[in-house]
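Residue numbers (the working numbering), protein chains in the order written: chain U, 1 to 343; chain V, 1 to 343.
In case anyone wonders, no lab produced these hints; they're calculated from the structure. The model shown is predicted, which means the values in this text are computed figures rather than measured ones. Just so you know, not all the hints are guaranteed correct.
A pair holds if it fits inside one copy or across any two, identical chains being indistinguishable in the list.
Unchecked claim - Here are the computed lysine to any residue pairs in the SDA-like style, where the Cα-Cα straight-line distance is at most 20 angstroms: (1) K148 to K171; (2) K143 to K171; (3) K203 to A214; (4) K143 to R274; (5) K143 to P240; (6) K118 to G89; (7) K143 to S241; (8) K203 to R188; (9) K143 to R276; (10) K171 to G300; (11) K171 to Q305.
Number of protein chains: 2
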Amino acid sequence: MTQSNSENRKFVLAERPVGVPTDSTLRLETEGVPVPAAGQMLLRNEFLSLDPYMRGRMSDAPSYAAPVEVGEVMIGGTVAQVISSDVAGFEEGDWVVAFGGWQDYALSDGTGVINMGKSPENPSWALGVFGMPGLTAWAGLTKIGQPKAGETLVVAGASGPVGATVGQIGKILGLRVVGIAGGPEKCRHVVETLGFDDCIDYKADGFPEALSNAAPDGIDIYFENVGGAVFDAVLPLLNPSARIPVCGLISQYNATSLPDGPDRMNLLLGAILRKRLTVRGFIVFDDFGQYYPEFSAQMGDWVAQGLIQYREEVIVGLEQAPSAFVGLLQGEAFGKRVIKLND
Amino acid sequence: MTQSNSENRKFVLAERPVGVPTDSTLRLETEGVPVPAAGQMLLRNEFLSLDPYMRGRMSDAPSYAAPVEVGEVMIGGTVAQVISSDVAGFEEGDWVVAFGGWQDYALSDGTGVINMGKSPENPSWALGVFGMPGLTAWAGLTKIGQPKAGETLVVAGASGPVGATVGQIGKILGLRVVGIAGGPEKCRHVVETLGFDDCIDYKADGFPEALSNAAPDGIDIYFENVGGAVFDAVLPLLNPSARIPVCGLISQYNATSLPDGPDRMNLLLGAILRKRLTVRGFIVFDDFGQYYPEFSAQMGDWVAQGLIQYREEVIVGLEQAPSAFVGLLQGEAFGKRVIKLND
Numbered sequence: 001m002t003q004s005n006s007e008n009r010k011f012v013l014a015e016r017p018v019g020v021p022t023d024s025t026l027r028l029e030t031e032g033v034p035v036p037a038a039g040q041m042l043l044r045n046e047f048l049s050l051d052p053y054m055r056g057r058m059s060d061a062p063s064y065a066a067p068v069e070v071g072e073v074m075i076g077g078t079v080a081q082v083i084s085s086d087v088a089g090f091e092e093g094d095w096v097v098a099f100g101g102w103q104d105y106a107l108s109d110g111t112g113v114i115n116m117g118k119s120p121e122n123p124s125w126a127l128g129v130f131g132m133p134g135l136t137a138w139a140g141l142t143k144i145g146q147p148k149a150g151e152t153l154v155v156a157g158a159s160g161p162v163g164a165t166v167g168q169i170g171k172i173l174g175l176r177v178v179g180i181a182g183g184p185e186k187c188r189h190v191v192e193t194l195g196f197d198d199c200i201d202y203k204a205d206g207f208p209e210a211l212s213n214a215a216p217d218g219i220d221i222y223f224e225n226v227g228g229a230v231f232d233a234v235l236p237l238l239n240p241s242a243r244i245p246v247c248g249l250i251s252q253y254n255a256t257s258l259p260d261g262p263d264r265m266n267l268l269l270g271a272i273l274r275k276r277l278t279v280r281g282f283i284v285f286d287d288f289g290q291y292y293p294e295f296s297a298q299m300g301d302w303v304a305q306g307l308i309q310y311r312e313e314v315i316v317g318l319e320q321a322p323s324a325f326v327g328l329l330q331g332e333a334f335g336k337r338v339i340k341l342n343d
Numbered sequence: 001m002t003q004s005n006s007e008n009r010k011f012v013l014a015e016r017p018v019g020v021p022t023d024s025t026l027r028l029e030t031e032g033v034p035v036p037a038a039g040q041m042l043l044r045n046e047f048l049s050l051d052p053y054m055r056g057r058m059s060d061a062p063s064y065a066a067p068v069e070v071g072e073v074m075i076g077g078t079v080a081q082v083i084s085s086d087v088a089g090f091e092e093g094d095w096v097v098a099f100g101g102w103q104d105y106a107l108s109d110g111t112g113v114i115n116m117g118k119s120p121e122n123p124s125w126a127l128g129v130f131g132m133p134g135l136t137a138w139a140g141l142t143k144i145g146q147p148k149a150g151e152t153l154v155v156a157g158a159s160g161p162v163g164a165t166v167g168q169i170g171k172i173l174g175l176r177v178v179g180i181a182g183g184p185e186k187c188r189h190v191v192e193t194l195g196f197d198d199c200i201d202y203k204a205d206g207f208p209e210a211l212s213n214a215a216p217d218g219i220d221i222y223f224e225n226v227g228g229a230v231f232d233a234v235l236p237l238l239n240p241s242a243r244i245p246v247c248g249l250i251s252q253y254n255a256t257s258l259p260d261g262p263d264r265m266n267l268l269l270g271a272i273l274r275k276r277l278t279v280r281g282f283i284v285f286d287d288f289g290q291y292y293p294e295f296s297a298q299m300g301d302w303v304a305q306g307l308i309q310y311r312e313e314v315i316v317g318l319e320q321a322p323s324a325f326v327g328l329l330q331g332e333a334f335g336k337r338v339i340k341l342n343d
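Let the sequences and hints guide you as you build the complete structure.
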């Protein structure tokens, strides 16, 4: 199915999922194309970003952001074209980055919308290496990680849009970079295409030992977006004064209960104390949004120079979004997963 | 028993304790007074500091500092007088701060020794408010805690030398300060003498609710030196972007196994992520030793102006040190516990 000129398809949150989202979590609804009021513009979404944080917005557990209400359209970053505009600075045919949600069309008053002009190169990259995942990688590594040349950086989710960017920036900055990814194909990509020094398959037998062998001088920076068994393998390898930016815990998002004991919470606090660790969680636009222009210029240069490679996984059709999202949470994605709404 | 001019009494580590140190952990030995070599000075210890970190040095579990070897004298900070000196800058009769250990006499080549001159006021305070505990409080609160006037600071171990100082600095800086201490007498002292806004007895029924009521706007800075059930009560109250300097975990030092489950390690990581917490362990002289002069001048002013109160618990006799140390770990101390070697 592709987009219509007369109808808006939208996925609304039908019920809050317990554990993995199911077919009952989201509901596809159809309505007329919304009509902009004075001071608004009409956007046609071209690409929808799929990101792990969306799982959190489906739940009403206390979190850093308000949940999506049941019955409301599912939120999400989009790259869109302006169909009509009564907003200064935007006109028909402009490509924009917006938060248009899981639907064909969206209205906007321009708040938080970035105009990319009439013919941007690779417009969908604004949802990845030039957007939230790229800024997350850059700010988490440089502002929290405080990297020094020669140190060892370990990156979880190394083939994903954040991890891939973290590791490549680490190489530019002179670090030894070890990725962690799921399966030999992703690990090969991480080393051969992205240029990491090594990549360890967390699904393979002997993962903790392999990680230890790949970080013979210990770990100075661990970029955390996974948690669970990956963190368990990292913790004993952390060096004194190591830094741990925490931008995600994808292994935990579908968890419905805590694992069995023993209770290691004070063990983690003890490691933080004895190793003098800095562990810091961050939400990139809240904590580091002010650095977006600096990041954007720097990343533009790096990509232009071929120093940063970027892999996208484009899935066509809004109707694919729910299953593509569940697959993302389960580690199936290989590169930045986006939905292309028109084929 | 008091000091002799001809003998050196010393406590050596007899065996590594499992759990709470026992009568078999340390052994009192007697030898002749050590004879300084060229380039050394002989120190007679007047005061011995007792500090929770010493428990860690009794164990050979991986930690930030090498353990005391079995058979070696137990380490510890001391205030001493110079008996004879072949070290430039030190002469007979000078009072010094040193790491003289649990014994009557010590030799030193002057490394790391601070000369307080012939007649310092309150020389033992150099082991507390003007020394390691004071610097720990000041650096942890100001450098990691990043306090802003109006925020809420919660301080564990509020009647101890670190916690008491943290809270009083917090009041000087315009924070709402809530202490946590064991028992009504300590809590009264924390509020009435130290000037905290409130103090909650962690041994009383309903401790978590009482803490919640005392921090109606949530917690922006939690100064951690306890862990365990106190941290459990604090965690749900932490505000977004809260900072947690971790300088100790006294509730855990004698633990011999992890508590039963569920395993809350990923729950803690999840809180760090969702609340964008900064959790940082530190060892004060390694991480902030360069600030000692600034701290020392500032603390001198505050104490002179009566803005910082300091409570000491002086126990007379080296032979009392082992039991006084075990009591310290069990929360018995009320103020900074020091051993006075001469009565």
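Are the CA atoms of K171 and Q305 at most 20 angstroms apart within a copy, between copies, both, or neither? within (14 angstroms within a copy, 53 angstroms between copies)
If the cutoff is 20 angstroms on CA atoms, where do K148 and K171 land: within, between, both or neither? Let me know, please. Within one copy only: 11 angstroms inside, 37 angstroms across.
How do K171 and G300 come out at 20 angstroms by Cα distance, when the copy is not named: within, between, both, or neither? within (17 angstroms within a copy, 47 angstroms between copies)
With identical chains treated as interchangeable, where does the CA-CA distance between K118 and G89 reach 20 angstroms or less: within a copy, between copies, both, or neither? Within one copy, since 12 angstroms is at most 20 angstroms while 75 angstroms is not.
With identical chains treated as interchangeable, where does the CA-CA distance between K143 and S241 reach 20 angstroms or less: within a copy, between copies, both, or neither? Both: 15 angstroms inside a copy, 15 angstroms across copies.
20 angstroms Cα cut-off: does K143 pair with K171 within a copy, between copies, both or neither? within (16 angstroms within a copy, 30 angstroms between copies)
Checking an output row: K143 and P240, CA cutoff 20 angstroms. Within, between, both or neither? The answer is both: 19 angstroms in one copy and 18 angstroms across copies each meet 20 angstroms.
Between K203 and R188, at a C-alpha cutoff of 20 angstroms, which is it: within one copy, between copies, both, or neither? within (14 angstroms within a copy, 56 angstroms between copies)
Within a copy, between copies, both or neither: where do K203 and A214 come within 20 angstroms Cα-Cα? Within one copy only: 16 angstroms inside a chain, 47 angstroms across chains, cut-off 20 angstroms.
Have a look at K143 and R274 and pick one of within, between, both or neither, based on CA distance no larger than 20 angstroms. between (23 angstroms within a copy, 18 angstroms between copies)
At most 20 angstroms between C-alpha atoms: does K143 with R276 qualify within a copy, between copies, both, or neither? Both, since 18 angstroms and 14 angstroms are each at most 20 angstroms.
Figure legend: structure checked against the earlier numbered hints; every hint is met.
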